[in-house]
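**Q** Line by line, the protein sequences give chains A and B.
Once you know that position 160 of the first sequence is 160 in the numbering used here, the rest is easy, because the numbers rise by one and skip nothing.
Once you know that position 297 of the second sequence is 297 in the numbering used here, the rest is easy, because the numbers rise by one and skip nothing.
Just so you know, the hints here were simulated from the structure itself, not pulled from any lab data.
Do not rely on the hints blindly, as some may be mistaken.
[Unchecked claim] The calculated label-pair distances, taken between Cβ atoms and stated as ranges, are: (1) Glu232/B with Lys183/A: 27 to 35 Å; (2) Ser61/B with Met49/A: 41 to 49 Å; (3) Gly146/B with Glu40/A: 39 to 47 Å.
[Unchecked claim] Simulated pairs of lysine to any residue, SDA-like, Cα-Cα distance not exceeding 25 Å: (4) Lys58/B with Val8/A; (5) Lys145/A with Thr48/B; (6) Lys145/B with Lys145/A; (7) Lys64/A with Tyr51/B.
Only a predicted model underlies this, so the values are computations on that prediction, with no experimental measurement involved.
All C-beta atoms, glycine included, are put in the ideal place defined by N, C-alpha and C.
2 protein chains.
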Amino acid sequence: MTSKKRRVKLEDIARKLNISIATVSRALDENPRVKLSTREKVINAAKTMGYMPNQIAKSLSSGKTNIIGVIIPRYDEPFFIEVCRGIDNYAREHNYKILISSSRNSFEFERENLISFERGLVDGIILSPTHETEMFAHIKNIINKGIPVVLFDNIREEVPGADHVIIEDDKASFEAVEFLIKKGKTRIAFIGGIMEKKVFQNRYKGYIDAMKKYNMPIHDDLILHCKSLDREFEDVEIQSFLKGVSIIPDAIFTCTDNYGLLTMKTLLRMGYNIPDDVAVIGFGDLGLGEVFVPSMTCIAQPSYEMGQKVAELLINQFNESNDVSHRKKVVKLKTQLVLRDST
Amino acid sequence: MTSKKRRVKLEDIARKLNISIATVSRALDENPRVKLSTREKVINAAKTMGYMPNQIAKSLSSGKTNIIGVIIPRYDEPFFIEVCRGIDNYAREHNYKILISSSRNSFEFERENLISFERGLVDGIILSPTHETEMFAHIKNIINKGIPVVLFDNIREEVPGADHVIIEDDKASFEAVEFLIKKGKTRIAFIGGIMEKKVFQNRYKGYIDAMKKYNMPIHDDLILHCKSLDREFEDVEIQSFLKGVSIIPDAIFTCTDNYGLLTMKTLLRMGYNIPDDVAVIGFGDLGLGEVFVPSMTCIAQPSYEMGQKVAELLINQFNESNDVSHRKKVVKLKTQLVLRDST
DNA sequence: TTAAAAAATGTAAACGTTTGTATTATTATA
DNA sequence: TATAATAATACAAACGTTTACATTTTTTAA
Numbered sequence: 001m002t003s004k005k006r007r008v009k010l011e012d013i014a015r016k017l018n019i020s021i022a023t024v025s026r027a028l029d030e031n032p033r034v035k036l037s038t039r040e041k042v043i044n045a046a047k048t049m050g051y052m053p054n055q056i057a058k059s060l061s062s063g064k065t066n067i068i069g070v071i072i073p074r075y076d077e078p079f080f081i082e083v084c085r086g087i088d089n090y091a092r093e094h095n096y097k098i099l100i101s102s103s104r105n106s107f108e109f110e111r112e113n114l115i116s117f118e119r120g121l122v123d124g125i126i127l128s129p130t131h132e133t134e135m136f137a138h139i140k141n142i143i144n145k146g147i148p149v150v151l152f153d154n155i156r157e158e159v160p161g162a163d164h165v166i167i168e169d170d171k172a173s174f175e176a177v178e179f180l181i182k183k184g185k186t187r188i189a190f191i192g193g194i195m196e197k198k199v200f201q202n203r204y205k206g207y208i209d210a211m212k213k214y215n216m217p218i219h220d221d222l223i224l225h226c227k228s229l230d231r232e233f234e235d236v237e238i239q240s241f242l243k244g245v246s247i248i249p250d251a252i253f254t255c256t257d258n259y260g261l262l263t264m265k266t267l268l269r270m271g272y273n274i275p276d277d278v279a280v281i282g283f284g285d286l287g288l289g290e291v292f293v294p295s296m297t298c299i300a301q302p303s304y305e306m307g308q309k310v311a312e313l314l315i316n317q318f319n320e321s322n323d324v325s326h327r328k329k330v331v332k333l334k335t336q337l338v339l340r341d342s343t
Numbered sequence: 001m002t003s004k005k006r007r008v009k010l011e012d013i014a015r016k017l018n019i020s021i022a023t024v025s026r027a028l029d030e031n032p033r034v035k036l037s038t039r040e041k042v043i044n045a046a047k048t049m050g051y052m053p054n055q056i057a058k059s060l061s062s063g064k065t066n067i068i069g070v071i072i073p074r075y076d077e078p079f080f081i082e083v084c085r086g087i088d089n090y091a092r093e094h095n096y097k098i099l100i101s102s103s104r105n106s107f108e109f110e111r112e113n114l115i116s117f118e119r120g121l122v123d124g125i126i127l128s129p130t131h132e133t134e135m136f137a138h139i140k141n142i143i144n145k146g147i148p149v150v151l152f153d154n155i156r157e158e159v160p161g162a163d164h165v166i167i168e169d170d171k172a173s174f175e176a177v178e179f180l181i182k183k184g185k186t187r188i189a190f191i192g193g194i195m196e197k198k199v200f201q202n203r204y205k206g207y208i209d210a211m212k213k214y215n216m217p218i219h220d221d222l223i224l225h226c227k228s229l230d231r232e233f234e235d236v237e238i239q240s241f242l243k244g245v246s247i248i249p250d251a252i253f254t255c256t257d258n259y260g261l262l263t264m265k266t267l268l269r270m271g272y273n274i275p276d277d278v279a280v281i282g283f284g285d286l287g288l289g290e291v292f293v294p295s296m297t298c299i300a301q302p303s304y305e306m307g308q309k310v311a312e313l314l315i316n317q318f319n320e321s322n323d324v325s326h327r328k329k330v331v332k333l334k335t336q337l338v339l340r341d342s343t
């Protein structure tokens, strides 16, 4: 039990059975070209000797690693985790593993991650660009090298040769705001995120569109574009917004579950009643909205399904001919307004 | 732009510059054995030709993949994500990537994942065993093959040859319950998880120890071992527990943030005042406790640090001599009781 | 019982690196 | 200016597979 236990490899089995490596390899593959009795001998020997194929050698030989690279802007956002869960699930069913890395909301990290994926470790890449990502050269580069790419969530610009999966953000928030208006709310505030993010642009657009359509006055005072990329500062920002607002809103449409929860928290602490004084809507619906008291009305985003879809598109690319020319599918996923006590 | 763009490899550079592959390889390594002028030529050529090293070939040749395999019981638990974030962070700083997979709370999946990691894809493994994991043969097996292993969180049995990182669960919950007692609470309920999980055993132990030490009556009626492994059913279980309880508790010690939040939610809906009627403590402190109204007192677990520690131990193992004999460090991390409005 | 066909196995190149050792080119030394 | 020492480079094996093609063995048919 002390010794240098070398991995057993095909050669060892071959030597033991006095046959060639090729035959061993084929036997373990259940290749009918090798006689049944030999196959059985090999499989037995492999088992008793504790053979485990070397994935790296396999990959080098086959040119496939069966690994999918995933780049998300951050880990501490349930949305991304949920998407990853969806990816993982679909991928595993199709015999792929996923290698996740975070770009930490930084374009530079995103680029680095992408480059590190260029080294042949992954068969394809799933990427959710950061808000800083304005240039797409690094992505196009990867695609030009023939590596399949699927983008999701925050897509500022369609990248030729990649597939895209997005949510109908504008439509979703339009509907949410419309719902508030129809409830009779007239002073509807908006809390969104950095406008560098396409998703926040779209959610803002939906808000504005709905307000305009119903001829509601739009007060700049009632609009906050949260700049923080960090839980703690989001809280600070929202608090000071709510405390400093000149007109008291009777509803607040919020672009994130977390914004929604923070908003409700602050409102409650300030002594407002939800939903009677102020109604609140969140975006995402990743579990917490249901637990809060009062529970939070949310736009439910199909995050898990998004992950599955994204993985499906990528794996389809693997199986397509390498004809890059006519890819670029854009899949839009639908949301749903889930009504709860906060409205 | 149509064509089969083959990856450029060392050979291509070598041919172009009319030198040997070995020299190219060494030049790119900045190996002083190759003349400075040659090095520069090679590096330039590599850049202009768009050379990217092939990670797989490198790994095969070097016997190192620089990938760490991580197995967690589930994705949708902020604790595990936070640990992964810690691992990822430390790993990246030391030039490792992480490959996460979920055992989905199933021993069988855990085993499968472990086996798939035996195929040489990862240099070492970080594992948090599921509650179903009673046998450790599969882990010992891996260790016997010389693959470094670090275990964390839910460790039922110390595995020789592996490092362990745990939290002082019993101590933490003892302190929390003691705190409640000193606050004058007398009917302290306990809500924990499946007793197959060591962490829940320990947290229960801490509760019992504290109650005994202060001669508090222990009512079985006030104790719930939640069996669900699923958010939705946790809610159902806790609700029916709270609604069916014969004595109204004046405090509830809870073994999870989520249990705590669900408890608070149900109590509030039932019309109780927190903390005046009932105080509540959660375990974990992964962000939500702060947002809830009232905010939740929690035992703060150093999850991120746990991840870092675990990664550190693994990477240390990589650098040690392969002398398996005297490994098996057990690192215990401290918790902290964070006081908020729910107590 | 032998030639042809089919089945089983073997040989060797390939995947893209790294690296120990051998070889060649350059410089220093006498 | 020949030679020893050193610097620079090249050769080839190794990492553990897969697989096209070659070879050997077995079976079939005449």
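**Q** Could you tell me which of the hints above the structure violates, numbers in ascending order?
**A** Those not satisfied are hints 2, 3, 6.
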